[in-house]
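S.K.: These protein sequences, in sequence, are chains A and B. Just so it is clear: in the first sequence, position 133 is 133 by UniProt numbering, and no numbers are missing. Just so it is clear: in the second sequence, position 159 is 159 by UniProt numbering, and no numbers are missing.
None of these hints come from the bench; they were simulated from the model. Values in this document were obtained by computation on a predicted structure and should not be read as measured data. C-beta atoms are modelled at their ideal positions from N, C-alpha and C, and glycine is treated no differently. Certain hints may be false.
[Stated by the list, open to error] In silico lysine-lysine, BS3-like type, Cα no more than 30 Å apart, as pairs:
1) 145/A with 300/A
2) 143/A with 170/A
3) 145/A with 84/A
4) 300/A with 170/A
5) 143/A with 194/B
6) 215/B with 145/A
[What the hints assert, rightly or not] Incomplete in silico selection of chain B near chain A, CB under 8 Å:
7) 20
8) 45
9) 53
10) 136
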Amino acid sequence: MITIVSAGLFTTVQDAGRWGFQAYGVPVAGAMDRYAYNLANILAGNPPGTACLEMTVTGDTIRFETDAYIAICGADMQPALDGKAAATWSAFPVTAGSTLSCGYAVRGCRTYLAVRGGIDVPVVLGSRSTYTRAAIGGLEGRKLKVGDKLAIGNSGPSDSRPLHLPGEYKPAAVSGEITLRVLPGPQQDHFTMAGIETLFSSPYTITDEADRMGCRLEGLKIEHADKADIVSDALPQGAIQVPGHGMPIIMMADRQTTGGYTKIGTVIGPDLALLAQAKPGDTVRLKRCSDEEAVAVLRKERELYEAASAWRASALSREQGPVRRFTMTVNGQSYDIEVREV
Amino acid sequence: MDEIRFLDAGEQGLVVEFGARIDPGINRRVHNAATLIAAARIPGILEVVPTYRSLLIYFDPLAISRRQLAESVRLLLEDTGGEAQTVTARVVEIPVAYGGEHGPDLAFVASHTGLSPEEVVAIHTSVPYLVYMLGFTPGFPYLGGMSERIAAPRLEQPRTAIPGGSVGIAGTQTGIYPVASPGGWRIIGRTPVKLFAPGAADPFLFAAGDYLQFKAVSAADYAAIAEQVASGVYEPVVRSATDKGGDAR
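Sequences and hints are given; from them, build the entire structure.
M.R.: The following block contains the structure:
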């Protein structure tokens with residue numbers, strides 16, 4: 001069990017999202033920065049899709065009522081355990097009664113706190129993700145507040161050693177400018193050549209209207225060839241809608257399932273993590289990319305998860321002393337045996 | 001017949017577009033295709049979202065390439081002629097208490113259209129409406145086929161909170177707010193029936209491709225149904241589309 005001692009600006013329970021119900025109008029939701037979310041689970045030793053806390057701009061102060069093993073990834077909210085600075089992109093044990101405090105995000109915008117075993121809230125339509133607009137998932141479908149208590153799932157024995165993720169798995173340092181790769185479509189033919197050129201050649205600024213649903217950008221007006229409205233169709237995450245005013249809106253995790261504005265392109269999935277960590281006032285540049293390039297980037301992202309999982313396993317086994325492996329045959333059945341000192 | 005177009009919607013999205021209009025025939029092709037694709041169990045497909053006139057197929061490009069997926073879908077639609085074997089469209093009856101506290105804008109719609117409130121209700125309940133798609137909020141049905149005779153403009157100042165179950169009119173559209181939300185539609189009635197019940201075994205009353213038939217009920221009937229809904233014993237009246245009556249939309 002954990003208790004929220006002081007609440008951050010907007011903290012919710014999120015997992016890999018509520019897939020399978022978009023045909024019924026239910027948004028996917030899920031972690032905004034899936035890279036930091038996935039790495040937090042990998043570090044904590046959780047299976048993919050385990051529910052974490054997503055903290056936005058300012059973090060919470062959390063008391064652990066039981067021993068736990070936690071990982072913190074994403075924006076640097078200057079976490080401290082019982083007053084002593086704790087590292088991000090790291091996992092470590094905490095003892096019952098200790099307090100983790102997170103402050104203002106000095107770099108980035110969103111931080112994921114994974115607890116070994118996961119945040120155990122009821123599964124709604126296949127997911128624990130909070131979708132506040134329909135008040136479903138998470139804790140009563142809302143952001144967390146002071147006094148909330150959240151159960152931790154069962155996970156078997158926890159690891160006891162701290163782990164620090166090597167630099168090669170950490171995203172590049174956050175600056176005030178990001179470049180997002182965009183696959184044109186599905187309605188690029190609703191724009192003039194000049195309009196498409198504007199999108200890919202001029203910088204845009206993130207406005208104050210940037211939340212889990214979408215991120216509004218401001219800059220040069222994008223010219224439509226014809227009307228800005230279409231007969232509503234489905235809206236993937238990363239879709240860049242351009243309404244009549246010509247300013248792009250990038251659709252994020254809590255986006256509605258369908259929409260009626262023209263979509264000039266779609267930000268590729270792996271790059272949305274950068275946008276999830278950007279803040280109002282930051283500059284966004286949009287760069288055209290091909291389907292082949294987008295798939296290659298996705299493959300690289302998946303390979304990084306596998307490599308990080310393998311790194312974790314080997315880091316833990318190294319710290320547990322020498323390992324002996326041999327094969328043994330019993331009743332004609334072959335077994336791989338691993339013996340380590342504990 | 002409109003040509004099918006395959007469009008890109010990010011590296012995980014393939015749009016299969018059957019046309020650019022709101023049209024019952026195009027929408028039927030969309031739902032047929034969704035049924036066929038679901039039945040074909042093409043590996044790598046994550047989710048299929050049918051809309052007015054297109055499908056968005058979410059897929060894992062590391063499991064199936066965009067080209068392979070488009071080719072599979074094209075062959076599937078060609079082989080079957082685009083017709084699903086069993087299309088069992090349902091007509092779901094929605095009891096509505098019109099006017100009064102449940103429908104504060106019924107009087108406005110009546111005066112705006114030059115009809116009596118009774119005539120507005122009679123027209124609103126006269127035909128089943130096709131559920132073209134669901135979207136906006138969980139369980140929200142996009143309905144087609146409302147008579148222009150009862151069309152009414154949106155509120156100039158949207159209400160900040162409309163109760164769940166409210167039945168509204170905006171232009172020639174009609175619909176039901178499944179959950180409480182802000183909104184600018186003219187509210188003419190309310191149904192006690194839940195369109196979205198997240199905890200239930202079957203959380204959604206409607207699926208795209210269904211028909212919805214409004215039925216006027218008295219305030220007393222409304223209260224009785226509301227009680228049944230609250231205690232979990234309410235069963236909506238459902239009939240098959242073959243006996244849905246005069247409207248073949």
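S.K.: Each hint needs a verdict: does it hold in this structure or not?
M.R.: Evaluated hints:
Restraint check for residue 145/A and residue 300/A: the C-alpha separation of about 38 Å exceeds 30 Å, so the hint is violated. Taking the CA atoms of residue 143/A and residue 170/A, the gap is near 28 Å; set against the 30 Å cutoff, the hint holds. In summary, the hint linking residue 145/A to residue 84/A is supported, as the alpha carbons are separated by about 24 Å, within the 30 Å threshold. A distance of roughly 14 Å separates the Cα atoms of residue 300/A and residue 170/A; the hinted pair therefore holds under the 30 Å criterion.
Only pairs whose Cα atoms come within 30 Å are accepted, and residue 143/A paired with residue 194/B is accepted, the gap being roughly 25 Å. The hinted pair formed by residue 215/B and residue 145/A fails the criterion: a straight-line CA distance of about 43 Å is larger than 30 Å. The interface hint given for residue 20/B is met, as the beta carbon of that residue sits about 6 Å from the closest beta carbon of chain A, less than 8 Å. About 11 Å separates the beta-carbon of residue 45/B from the nearest beta-carbon of chain A, more than 8 Å, and the hint is not met.
The restraint placing residue 53/B at the interface with chain A holds, with a minimum CB-CB distance near 6 Å, inside the 8 Å limit. Checking residue 136/B against chain A by beta carbon gives a least distance of about 6 Å; that is within 8 Å, so the hint holds.
Hints 1, 6, 8 from the earlier list are contradicted by this structure; the remaining hints agree with it.
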